[in-house]
Amino acid sequence: MSASVISDPVPISSASAEQQMAEVADGIATAAAEVEFVKCYCCSLTEECTPAYIGRVRERYKGRWICGLCAEAVKDEICRSGKKLIGTEEALDKHMTFCASFRSSPAPVAADANEHLIAAMRQLLRRSLDSPRGSDPPLTAPGSSSPARSPPPAARSPGPVAASPPSPADHSEQAGQRKQRKRDEKRVRKRRRRRREEE
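1 is the number of the first residue of the sequence shown in this note's numbering; add one for each residue after it.
Careful, some of the hints might be misleading.
Claimed, not checked - Computed list of lysine-lysine pairs in DSSO-like fashion (alpha-carbon distance at most 27 Å, straight line):
1) LYS75 with LYS94
2) LYS94 with LYS83
3) LYS94 with LYS62
4) LYS62 with LYS84
5) LYS62 with LYS39
6) LYS84 with LYS94
7) LYS39 with LYS84
8) LYS39 with LYS75
9) LYS62 with LYS83
Derived from the structure by calculation, the hints contain no laboratory data. Small disclaimer: the values here were computed from a predicted structure and weren't measured.
I would like the entire structure built from these sequences, with the hints used as guidance.
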């Protein structure tokens, strides 16, 4: 199958170009006229949608129009129900209850909002201080670039074994580890003291 390409320019009169532009403008005006504002049944958010879309959503939710965010929340309610299968209607009712309780809760006052932010940051700091130290960088012994580690318990010898006398390098490394451990313990005690003072 072959295709031929027409390379000759086709003249378009300015009258037909203006007519095409007018048709496009009419199409845009018609599309704009077809858009309607609709209010979400759950959260009262107002969106502009086409009548066809509004009809599909209302059909899915038994005559109620809900926004996309609330639709996702309803789907999430259905998924979270787990073994106890709930229908769309029950999930929508649960989400409606949540929205109503959220709207009825008072908004924070400006000064109260600042204190709320400070309290939230304080709580985050406390959680980070109480969390395991796995997120901190590993301790390094002075004079070495690798983390100071003791051998795992399984690698240690179970009984008395004639060990070679420790070298001066071992002594300095162990002393460095002890100093680092003391510094870490001091830092932890200081954090705990600060937390007690804040409370």
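Hint compliance check: list the failing hint numbers for this structure, sorted ascending. Result: hint 7 breaks, nothing else.
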